[in-house]
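Asks: All chains should be modelled from the sequences, with the hints used to inform the complete structure.
Chains as they are written, first to last, in the working numbering: chain A, 1 to 303; chain B, 1 to 358; chain C, 1 to 570.
Any given hint might turn out to be false.
[As the list claims (entries may be wrong)] A few chain B positions that, by computed beta-carbon distances, are all more than 12 angstroms from chain C:
#1 55
#2 88
#3 89
#4 138
#5 211
[Said to hold, decoys possible] Covered stretches of chain A, as calculated for chain C (at least 3 residues, CB under 8 angstroms):
#6 248-259
#7 262-274
Hints listed in this document are in silico derivations from the structure and should not be mistaken for laboratory results.
The C-beta atom is built at its ideal place from N, Cα and C for all residues, glycine as well.
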Amino acid sequence: MATQTQVVSLAQAENRKVGRSLTELALLRLRRDRLTLAAIALIVILVALAALAPPISQYVLHVDPNRTNVTQAYLVPGSPGHVLGTDDLGRDHLARLLYAGGVSLQIAFFAALLSLVLGIGVGMMMGYFGGVIDDGFTWFISTLNSIPSLFLLLIVSAVLNPSAQTLILVLGLLGWTGTARLVRGQTLALREREFVIGAQAVGASSFRIMLAHILPNLFSIIIVTLMLDIGSLILVEAGLSYLGLGVKPPTPTWGNMLTDAQTYFSKGWHLVIMPGLLIFITVLCLFIIGDGLRDAFDPTAVD
Amino acid sequence: MIKYTIRRLIQAIPTFFGITMLSYLLMTAAPGGPTAALAFDPRISPQERHAMEARLGVSDPWPVQYLRWLAGDDWMRRDTDGDGKADTCILIPCDADGDGQNEPAGTRRGLLRLDFGTSFFERRPVTEVIGDRVNATFELGLSALVVSLIVGIPLGILAGVYRGSLFDNAARLVSVVFSAVPIFWLGLILILIFGRWLDILPLGGRHGIVLTGEVPPLYTRLNYLILPTFVLAANYIAVYTRYMRASLLDVITQDYVRTAQAKGLSGRRVWFIHTARNALIPIATFLGPAITGILGGAVLTETIFSWPGLGRTGVSAVIQQDYPVVMAVVIIGAAATIFGYIVSDIMYALIDPRIRFD
Amino acid sequence: MNRFGKVLLVTMAVAVLALLVLPVGAQDEGGIIVDSSFGSGPINFNPVTSTAASEQDVMNRLYPNLLGVNPETGVIEPNMPGGLAESWDISDDGTVYTFHLRSGFTWTDGEPVTAYDFEYTWDAVTSGEIETNLVFLVNDPVVEMTAIDDYTLEVTFTSADCEALNSAGLQPIPKHLFEPMGFASINEENFTDPDDIEIGPYQLASQIPDQQTALIPATWDNPDGLPDNDGWVMRIYGDQTVEFQSFLAGEIGVLESVAPNLQADVISAAEDGSLQYYQYSPGDAWDYMAFNLANPDNPQAAYDEDGNLIEQDPHPIFGDLRVRQAINMAVNVDNIIEGAVFGNGARMQSIYAPGSWPYVEDVPFYEYDPEAAAAMLEEAGWVDDDNDPSTPRVAQGAMYAEDGTPMTFTLFTNQGNTRRTAIGTIIQDELAQVGVGVDFQTIDFNVLLDIMDQQTYDAFILGWRNSYPFRADQRQLWATDSDVIAGDNFTSYVNPELDDLWVQASTVPGCDIEARREIYSQIQQIMHEDTPYMFLYSINGMYAWNSKIQGVNPYPGAFYWNIEKWTVTE
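Replies: Structure (structure tokens):
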């Protein structure tokens, strides 16, 4: 009994030690990576602005994002009362962008989260149990991966006529395969590590081992994948909107604002530039953060 | 190697069935059905629409439709007495549209007998519909793949070799920038700059006006290929640059490079002979996903550049619910991807002699 | 950076530059008229089975119609461009027309085009063996088409109708080719091969799907002579912005239908003389918001199986006429015209657009008056119970709604149409100001059509396209027996008085225009008051073409009528 407890606590100790030191090291590296820090700051600001869209438009901008006024349409940025001008129906462009940003970011975030949870769950099971489970999922994943993902998305979008919620489900359910493969590989390696074997020896349940011993070691993969996925999903949402298969107006997203603005782009160039720029900046920041974090967590990196 | 390839192809069979079943299930779940789009003529009545659906066979349950697509319907609906109407029917009724007259005998042979069916909209064999477009997509996809390789790989190597230099940072930044732009937005902006403002490139299409049916030879219309190729390749230039750089840095830290350096080989030679070769492995691994990605990206690129390829046909077929065409496009995409993965594996083994086919 | 790196970079730069300066494929475009189409391009030039509008444009160059339209007046008349009938006689009861056809037209293979081709085409359309949209166009009013001899065709209609000729237009298919193979073979022929058979004055030169369709002058005789230009090409674009930019850049010579959002751009681009345009009103289409007058939870056709009128269960909100009128007054249609079509529209007070022949000016508009609208809603039993105008009213003694029912409804339109999205957004906003909650949704067109057929909606925004030649009769939309199963009376509008008026208007003895207009004026007045639709506007039409093209002389709805005479200068 005593030995068993000892083994478990040893395993946990190592686990914690590895986790802490890696994280500490990563934070140390991050602090020197100015580009990533700047990207993080920008994303935090963007997310905060989008999250606070209702109070900002009410108390700061003093506009109702749904109030139309065709006599005030296509005002250019810098017009009195409308910092970024107005859109085709005279609605405040900045307020619309903030609301749309909220929707776009939420879609991308929750879809990425869903695919991450699925990917981790499936990947850990594949890597940990191997055998039939591994083979079955491998077949399923290679099947899904063999269809150009955009085709699959097109078919599903045409079927479901997505609202924001269904789009989250669709993107999440189709996007987990990459993560699952990655996690599977890591789990395969971790399965052979001392602390896992130790935990198995003392009879810990598979579920507990995966949750307590393997999952914490996947932290760096998780956070990097999350950032990159959110970025790509914002682009996917925009692409679907362009093909007419994304979230439908009047629910604003950056993607459908950008697409619709093309219709009247000679009257209001800023309506094409701003949503495109916001998509670009957001995705750029997320990719930079993802890359930066990957470098920071890389145990083999040369300092 | 031949044995290995054959085995991979056999492994692809269940994958193929999985793909087609999934796609068919999804297609038939779509509301409206093909006739809704086919017959938006105010003078068409719902009954006539239902009769049309019955004739097209799209009102049958999806397993029947799938089976018909896969194995044909000449055995489902047969004409034994030679009056031009079916009289022996299994799985599907002889009088599908309910007009009191039996339908003509089934003539579809099904995919397994190499019959892709007939497009609901174009009213001609799917093989012709696809045949008209496949060259355009192949042309664009291949040139995008080649461009992303010949630009991405050297860029990645240089960035890795001169790690931390101004060039490295610029390459990294450019590669992130390329992958962060919505592809259709980039396309539109480039069209406006090069087509309208500078007026040096055409605004879209695969070639200029031709009065005969033949597509002019490629070398006379390279100017039409430049922008779409670039837009489609942009993302993969970025991806290849990043992967190349990362794997190069990975290899550099490994022992045999240090050994080679210790043996006195000059710095640059070591980089290129030993490291580049090993760093090519991830490029090979990445070929399969790149083919899928480029085919997917072609949907948007072909639309904005009015390129008459499979992607654009695929989108309109999905929207019009032209099942036979959608299925053909899905199969071609899947075949290209599976092919890409097999090529990846073979290249992988060629580059890295430690990997054996077994 | 060392030498190796520099070499690599320079090589890449040279490669890119080489691509840019490579010889541009020299195509001879002199003398060719280039038109464009957006979306999926034409794929079928079989006059019987084709469905798309872009295909009709191509077919009109390849096959003359039985009947021609006077481009100036938009009325079917004998001996008009594009029509083979040079005269006709009408029987005393007005149901049998005997058409005398022009001779001298031949198919590509030299066979003459005769009345038997029309008879065969008609037989094919009505055979039931062909997937065709035409059957729904012609099978109701036309009973039979019979060739008397090579150049005489007799057409029998079910009843005398002033607009009977609108249902008799037909482009022929060659009898001598199809008859030996049976009707079913027509389904399989798309006429997309340059070797296929046509009449002229153009012939198909090439068909590259999703890219271009090219026509060149026919190589055989045409009684009206061959075109003065070298050909006509339709280029297909995947993106509307790119299509328009291509026109401004001169890659396209003709924009046959300029969208309202682009009309101002055309006008300003035409200032330097490089472009010409022709703007006309009323245009080809009009938009509206339809109210479901029947309860969406209990959708019923107008008649039961025995042909008896079914009492419709009224819609809880729109069943009350006062509510519909109040909504009309609460919406500023001028704002919608500005926001949705950039001012390029003419407001409609009833079913006809200003400028069309049955239109009468003395039908009033609903004046924009939110306060009066609010008062009217109050009177109809929809009250602002919490004195918060931003929340919807609730029923309190309303005609068809239980007390406490909130005044909110769902408004649909088809997705991917920015014009209609703008309409819905403005309606939603303006109705919110009078305490009417609107759940505005854009949905897939197919889904919307299903919902309309099933009549399970509250309201939707769509548009109708006028037929050409113009048709005053709208029984298809409003007659009781068009309540969905047989027609497009999606709103369940039932008015027996109107049913009579429609019949009267189309059977006026002698078809006197003034007498007909008098009846249509009554109809417009009734439709205005009953307002089953909120009528919005008709969109102005515009054609635009490059100044290099000479001889263009368009009329509303008739752009290409004299294309054979157009020339292109370099």
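Asks: Compare the structure with each hint and give your call.
Replies: Each hint tested on the structure:
Some Cβ of chain C comes within 12 angstroms of the Cβ of residue 55 of chain B; the nearest lies about 8 angstroms off, and the non-interface call is violated. For residue 88 of chain B, the condition that its CB be more than 12 angstroms from all CB atoms of chain C holds, with the nearest at approximately 21 angstroms. The claim that residue 89 of chain B lies off the interface holds: its Cβ sits roughly 20 angstroms from the closest Cβ of chain C, which is beyond the 12 angstroms cut-off. The Cβ of residue 138 of chain B sits about 15 angstroms from the closest Cβ of chain C, beyond the 12 angstroms cut-off, so the non-interface label holds.
Consistency note on residue 211 of chain B: stated as away from chain C, yet its beta-carbon is not over 12 angstroms from all of that chain's, at 5 angstroms minimum. Restraint check on the stretch 248-259 of chain A versus chain C: 3 residues with Cβ-Cβ distances below 8 angstroms, three needed, restraint holds. Only residues whose beta carbon comes within less than 8 angstroms of a beta carbon in chain C count, and the stretch 262-274 of chain A has 6; three or more means the coverage holds.
Checked against the numbered hints listed earlier, the structure breaks hints 1 and 5; every other hint is satisfied.
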